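Top to bottom, those sequences are chains A and B.
If you count by the numbering used here, then the first sequence holds residues 14 to 500, one letter each, in order.
If you count by the numbering used here, then the second sequence holds residues 14 to 500, one letter each, in order.
Hints may be right or wrong, so weigh each one.
No copy is singled out in the list; a pair is fine if it fits within one copy or between any two copies.
Within a straight-line C-alpha distance of at most 30 Å, the following computed DSSO-like cross-link-like pairs (lysine-lysine) qualify [what the hints assert, rightly or not]:
1) Lys445 with Lys117
2) Lys445 with Lys299
3) Lys221 with Lys418
4) Lys117 with Lys299
5) Lys445 with Lys221
6) Lys77 with Lys299
7) Lys178 with Lys363
8) Lys418 with Lys379
9) Lys344 with Lys221
10) Lys221 with Lys448
11) Lys178 with Lys448
12) Lys418 with Lys77
13) Lys445 with Lys418
14) Lys363 with Lys221
15) Lys299 with Lys418
16) Lys445 with Lys178
No lab work stands behind these hints, which were simulated from the structure alone.
Note that the coordinates shown come from a computational prediction; the quantities given were computed from them, not determined experimentally.
2 protein chains.
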Amino acid sequence: MRLLSPLALGTATAPNRVVVPAMVTRLSGEDGFVNDAIIERYVRYARGHVGLIVVEATAVHGNKSGPLLRLSDDGFIKGHAELVRRARAESDSLIVPQIIHFLKVARSGWRQTIDQLSPDDIERIIGEFGAAAARAKAAGYDGVELHSAHAYTLASFLSRMNRRKDAYDGRSLEGRLRLFGRVFAEVRSQVGPDFPVGVRFLADEAIKGGYSLPDARLIALRMAQLGVAYISLSVGGKFEDAQQRPGQPLYPYTGYSGDRCMPDERYPALTHVGYAADIRAYIRSKGFTTPVVAAGKISTPEEAEGILAAGQADMIGMARQLLADPDWVRKVEAGRRPAIIPCIYCNVCKQLDETFHEVTCFLWPKGAHQAPADDPAGAAPAWGEGNGHLRAEIEDGQIRLVWDKPASGTIVAYDIYRAEDDGPPSVVEGVKHTKHLDRAVLGGLAYTYYVRASDNAGRTSPPSNAVRVDMPLPSQDDQREPSHARV
Amino acid sequence: MRLLSPLALGTATAPNRVVVPAMVTRLSGEDGFVNDAIIERYVRYARGHVGLIVVEATAVHGNKSGPLLRLSDDGFIKGHAELVRRARAESDSLIVPQIIHFLKVARSGWRQTIDQLSPDDIERIIGEFGAAAARAKAAGYDGVELHSAHAYTLASFLSRMNRRKDAYDGRSLEGRLRLFGRVFAEVRSQVGPDFPVGVRFLADEAIKGGYSLPDARLIALRMAQLGVAYISLSVGGKFEDAQQRPGQPLYPYTGYSGDRCMPDERYPALTHVGYAADIRAYIRSKGFTTPVVAAGKISTPEEAEGILAAGQADMIGMARQLLADPDWVRKVEAGRRPAIIPCIYCNVCKQLDETFHEVTCFLWPKGAHQAPADDPAGAAPAWGEGNGHLRAEIEDGQIRLVWDKPASGTIVAYDIYRAEDDGPPSVVEGVKHTKHLDRAVLGGLAYTYYVRASDNAGRTSPPSNAVRVDMPLPSQDDQREPSHARV
Numbered sequence: 014m015r016l017l018s019p020l021a022l023g024t025a026t027a028p029n030r031v032v033v034p035a036m037v038t039r040l041s042g043e044d045g046f047v048n049d050a051i052i053e054r055y056v057r058y059a060r061g062h063v064g065l066i067v068v069e070a071t072a073v074h075g076n077k078s079g080p081l082l083r084l085s086d087d088g089f090i091k092g093h094a095e096l097v098r099r100a101r102a103e104s105d106s107l108i109v110p111q112i113i114h115f116l117k118v119a120r121s122g123w124r125q126t127i128d129q130l131s132p133d134d135i136e137r138i139i140g141e142f143g144a145a146a147a148r149a150k151a152a153g154y155d156g157v158e159l160h161s162a163h164a165y166t167l168a169s170f171l172s173r174m175n176r177r178k179d180a181y182d183g184r185s186l187e188g189r190l191r192l193f194g195r196v197f198a199e200v201r202s203q204v205g206p207d208f209p210v211g212v213r214f215l216a217d218e219a220i221k222g223g224y225s226l227p228d229a230r231l232i233a234l235r236m237a238q239l240g241v242a243y244i245s246l247s248v249g250g251k252f253e254d255a256q257q258r259p260g261q262p263l264y265p266y267t268g269y270s271g272d273r274c275m276p277d278e279r280y281p282a283l284t285h286v287g288y289a290a291d292i293r294a295y296i297r298s299k300g301f302t303t304p305v306v307a308a309g310k311i312s313t314p315e316e317a318e319g320i321l322a323a324g325q326a327d328m329i330g331m332a333r334q335l336l337a338d339p340d341w342v343r344k345v346e347a348g349r350r351p352a353i354i355p356c357i358y359c360n361v362c363k364q365l366d367e368t369f370h371e372v373t374c375f376l377w378p379k380g381a382h383q384a385p386a387d388d389p390a391g392a393a394p395a396w397g398e399g400n401g402h403l404r405a406e407i408e409d410g411q412i413r414l415v416w417d418k419p420a421s422g423t424i425v426a427y428d429i430y431r432a433e434d435d436g437p438p439s440v441v442e443g444v445k446h447t448k449h450l451d452r453a454v455l456g457g458l459a460y461t462y463y464v465r466a467s468d469n470a471g472r473t474s475p476p477s478n479a480v481r482v483d484m485p486l487p488s489q490d491d492q493r494e495p496s497h498a499r500v
Numbered sequence: 014m015r016l017l018s019p020l021a022l023g024t025a026t027a028p029n030r031v032v033v034p035a036m037v038t039r040l041s042g043e044d045g046f047v048n049d050a051i052i053e054r055y056v057r058y059a060r061g062h063v064g065l066i067v068v069e070a071t072a073v074h075g076n077k078s079g080p081l082l083r084l085s086d087d088g089f090i091k092g093h094a095e096l097v098r099r100a101r102a103e104s105d106s107l108i109v110p111q112i113i114h115f116l117k118v119a120r121s122g123w124r125q126t127i128d129q130l131s132p133d134d135i136e137r138i139i140g141e142f143g144a145a146a147a148r149a150k151a152a153g154y155d156g157v158e159l160h161s162a163h164a165y166t167l168a169s170f171l172s173r174m175n176r177r178k179d180a181y182d183g184r185s186l187e188g189r190l191r192l193f194g195r196v197f198a199e200v201r202s203q204v205g206p207d208f209p210v211g212v213r214f215l216a217d218e219a220i221k222g223g224y225s226l227p228d229a230r231l232i233a234l235r236m237a238q239l240g241v242a243y244i245s246l247s248v249g250g251k252f253e254d255a256q257q258r259p260g261q262p263l264y265p266y267t268g269y270s271g272d273r274c275m276p277d278e279r280y281p282a283l284t285h286v287g288y289a290a291d292i293r294a295y296i297r298s299k300g301f302t303t304p305v306v307a308a309g310k311i312s313t314p315e316e317a318e319g320i321l322a323a324g325q326a327d328m329i330g331m332a333r334q335l336l337a338d339p340d341w342v343r344k345v346e347a348g349r350r351p352a353i354i355p356c357i358y359c360n361v362c363k364q365l366d367e368t369f370h371e372v373t374c375f376l377w378p379k380g381a382h383q384a385p386a387d388d389p390a391g392a393a394p395a396w397g398e399g400n401g402h403l404r405a406e407i408e409d410g411q412i413r414l415v416w417d418k419p420a421s422g423t424i425v426a427y428d429i430y431r432a433e434d435d436g437p438p439s440v441v442e443g444v445k446h447t448k449h450l451d452r453a454v455l456g457g458l459a460y461t462y463y464v465r466a467s468d469n470a471g472r473t474s475p476p477s478n479a480v481r482v483d484m485p486l487p488s489q490d491d492q493r494e495p496s497h498a499r500v
């Protein structure tokens with residue numbers, strides 16, 4: 014299986030092709046030090062044998078922010094060294110921090126923009142990236158990732174919204190690339206040739222006036238020319254379309270570009286794989302073998318393997334899916350595919366982040382700070398007589414499902430699987446109670462449902478009984494009758 | 014060539030696979046009557062042998078608006094009949110009007126939304142669509158297209174932003190589809206079984222909270238179930254992200270979703286073909302053969318034929334490309350491929366529309382209200398000694414081009430062709446003067462340029478001399494030196 018085969022990232026080697034991209038946790042204190050909760054979150058991914066663990070955005074500078082890890086001073090090295098030590102004790106997962114520089118944002122709505130930076134400010138930022146990378150190396154990390162995505166400083170220079178008119182001229186591609194080139198050169202000079210330096214950047218800004226694939230191909234090529242260890246792709250997550258919320262600082266991911274950054278059920282599976290395939294093919298055509306990481310609603314081992322087999326990407330990034338189930342890789346390795354807890358893309362994690370709460374998963378037990386421990390030995394929830402007794406009725410062109418609780422297990426959530434006509438089943442929703450109204454069904458199609466229950470130890474029941482519903486087309490009478498029509 | 018083969022659209026047959034989608038012209042008066050300028054604009058497409066001509070959005074109701082064609086009263090039929098008669102005299106192009114209902118928009122920024130519509134309002138709208146379709150048939154059109162895209166009434170019901178909670182419930186797919194179903198049934202009952210009724214709708218709303226491909230597949234399937242003659246796909250163009258401009262009514266296409274609706278040079282060629290391919294494959298999998306029209310930066314006969322050959326779409330929509338050159342089809346038929354004037358996607362046409370000016374093309378002669386007549390016999394502009402003497406120099410990581418005027422011809426514009434490394438040349442810009450600064454080039458790549466001049470009769474010169482530029486990578490010195498670096 015390609016998915017489980019190792020891959021060289023510069024001078025390091027990931028044990029498999031799975032990446033957990035940087036995800037905000039809000040577990041750290043405002044002091045920026047690594048704490049037990051942070052260690053527990055990342056050790057969990059190491060225990061799950063994720064090939065490359067990217068630790069959440071870690072500041073290279075001291076600007077005030079909410080809970081945010083720091084590498085802006087040597088005093089922060091110790092905590093990171095402990096995090097690395099603890100992760101290493103679990104597995105041979107690679108672990109790197111994503112180092113970030115960001116500008117000031119005020120609750121008033123004012124925010125600092127890159128055109129306000131003086132030449133001295135820029136020289137300072139370059140130095141801060143270099144020093145933070147050196148601290149990452151001192152802490153024992155396997156490498157470092159330069160955060161050049163979303164709404165932050167490096168991405169703002171790469172952006173089509175870059176309004177500078179100096180050597181970092183936003184009107185020219187080389188001007189927009191200049192700061193990244195200088196930062197990379199400084200980081201390389203600080204960490205030496207044997208320390209992998211990866212990058213995450215945007216394949217598409219997804220904002221009015223922003224760049225899309227044509228610029229992204231060339232930005233990726235420059236990164237390959239410079240010798241990045243890997244190119245991890247994201248989309249959107251910008252300030253330009255963020256929604257101002259009273260009394261809160263402007264926060265990216267709250268606008269349309271935030272929808273695109275973390276696509277929910279409204280978007281197709283593998284939403285952004287096409288970007289990775291295009292960019293990878295482009296840099297390959299120029300002779301560069303730089304690994305490309307695809308991300309965006311990739312959930313199953315079959316999807317992941319298919320992307321690798323088709324040469325659309327070299328590694329598979331899964332943020333929300335690995336938050337839901339950090340043991341995804343171990344379960345694939347052990348042939349326990351059905352034990353994987355599938356992400357339902359409900360984006361409760363995204364909403365928690367947007368409202369400045371600790372980031373957890375809807376599918377975890379209530380109040381849990383981490384995913385439940387994987388316990389293959391323990392007994393999974395079992396349905397009683399009638400196998401859940403799932404039943405369905407059609408109501409106003411929607412399908413109402415009800416079922417019985419399992420006979421055993423402390424149930425945390427129910428995953429609802431649906432197959433359209435005779436197609437393959439997939440998870441369409443996750444709920445906490447024994448009922449669901451499916452509003453996304455179309456008359457003229459047949460739907461087959463079953464439910465699986467997961468307990469507070471992350472164990473899932475077998476499928477319930479299956480129920481098939483043939484949705485009738487709206488009749489001419491429905492069409493004419495203005496009030497709700499019973500079918 | 015598939016592109017030039019006929020295709021049945023319900024009971025009518027298009028002579029080829031090329032469609033000019035509805036494009037605002039702002040040529041009609043506020044009175045809503047067909048005038049000479051309107052006739053000239055559409056007759057031009059018939060002369061160019063476009064397979065399916067969709068006349069710009071034509072109101073089914075009397076709401077005040079800017080210059081906008083109407084079919085809201087029998088008094089409007091005569092003008093449309095004359096337009097049809099004049100088009101028929103030119104060729105066997107099919108011609109249909111796009112009939113639209115829209116809600117009120119005030120300069121204050123207030124706009125009417127669909128949740129404010131009473132059951133009676135909705136019954137009236139349904140009746141207005143039926144009556145307008147009957148008038149289109151009376152005028153002699155080959156069919157009618159229901160405008161269910163962008164920011165208008167039918168699209169607002171299909172939208173995920175539909176806030177109604179009655180029989181048109183925005184929370185359920187069938188609720189969102191209900192008005193379209195009722196409008197289609199009423200139109201069909203008014204025009205009978207032998208009059209093609211096509212539709213245009215959004216494959217992706219491209220707004221925060223909007224729908225994307227998964228809903229679009231099911232919306233398209235419902236349209237196929239109902240028996241639409243064709244499904245024409247667009248993207249974006251919504252009110253929700255439109256930019257309020259002082260003293261002007263809120264106008265769609267001014268926000269990010271407007272960027273997506275008419276993608277410019279920042280977007281790749283064939284930007285939206287993937288949507289058409291996905292939706293077409295989906296409805297085919299359900300047994301429906303409804304023709305699907307793809308649009309969005311499709312420019313060349315090779316691109317168009319490739320899309321048809323790959324089964325990604327059944328017809329090729331080209332709005333801006335056919336505005337630039339309405340004779341595109343005739344030139345392909347006559348084997349005069351090099352005579353095609355390529356659209357450069359500068360979106361001057363889009364800007365003219367947004368600022369409420371008559372919509373013309375940047376590549377047309379100054380002050381022209383229509384594209385220049387195709388004159389194969391006339392002499393194309395010829396380069397003098399030195400063949401244009403195109404030369405290039407590298408300046409601050411950009412490439413400056415200058416060339417000499419042709420020896421003959423009244424030149425309207427110069428198209429700049431660029432090949433990257435040894436790739437195929439394509440048009441990257443169109444300019445009015447004999448110089449250009451290419452800011453979108455990357456160090457480490459080689460670029461080969463040539464220029465073609467087009468005259469006031471739409472004739473294009475042969476390519477100028479070609480010039481090759483090897484862009485150096487930024488040197489370590491550049492990277493360190495803070496001011497502009499001369500290469």
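Okay, the hints, checked on the actual structure:
Taking the shortest Cα distances, Lys445 and Lys117 never come within 30 Å of each other, neither inside one copy (40 Å) nor across copies (43 Å). In this assembly of identical chains, the alpha carbons of Lys445 and Lys299 never lie at most 30 Å apart, being 51 Å within a copy and 34 Å across copies at closest. Within a single copy, Lys221 and Lys418 get their C-alpha atoms no closer than 48 Å, and across copies no closer than 36 Å, so neither meets the 30 Å cut-off. In this assembly of identical chains, Lys117 and Lys299 lie within 30 Å of each other by CA distance neither inside one copy nor across copies; the values are 38 Å within and 53 Å between.
Taking the shortest Cα distances, Lys445 and Lys221 sit within 30 Å of each other only across copies (27 Å), while inside one copy they are farther apart (38 Å). Neither within a single protomer nor between protomers do Lys77 and Lys299 lie at most 30 Å apart by alpha-carbon distance, with minima of 42 Å and 56 Å respectively. When the C-alpha separation of Lys178 and Lys363 is checked against a cutoff of 30 Å, the pair qualifies only between copies, where the shortest distance is 27 Å, while the shortest distance within a copy is 36 Å. Taking CA atoms no more than 30 Å apart as the test, Lys418 paired with Lys379 passes inside one copy only; the shortest distance there is 18 Å, against 74 Å between copies.
In this assembly of identical chains, the alpha carbons of Lys344 and Lys221 never lie at most 30 Å apart, being 42 Å within a copy and 35 Å across copies at closest. Taking the shortest alpha-carbon separations for Lys221 and Lys448, only the inter-copy value of 28 Å comes in at or below 30 Å, while the best intra-copy value is 41 Å. Taking the shortest Cα distances, Lys178 and Lys448 sit within 30 Å of each other only across copies (21 Å), while inside one copy they are farther apart (58 Å). Taking the shortest alpha-carbon separations for Lys418 and Lys77, neither the intra-copy value of 48 Å nor the inter-copy value of 58 Å comes in at or below 30 Å.
In the homo-oligomer, the alpha carbons of Lys445 and Lys418 lie at most 30 Å apart inside one protomer (11 Å), although the nearest pairing across protomers, at 73 Å, exceeds that limit. Taking CA atoms no more than 30 Å apart as the test, Lys363 paired with Lys221 passes in both settings, with 23 Å inside one copy and 14 Å between copies. Taking the shortest alpha-carbon separations for Lys299 and Lys418, neither the intra-copy value of 57 Å nor the inter-copy value of 36 Å comes in at or below 30 Å. For the identical chains of this complex, Lys445 and Lys178 are inter-copy neighbours only, at 25 Å across copies versus 54 Å inside a copy, given an alpha-carbon limit of 30 Å.
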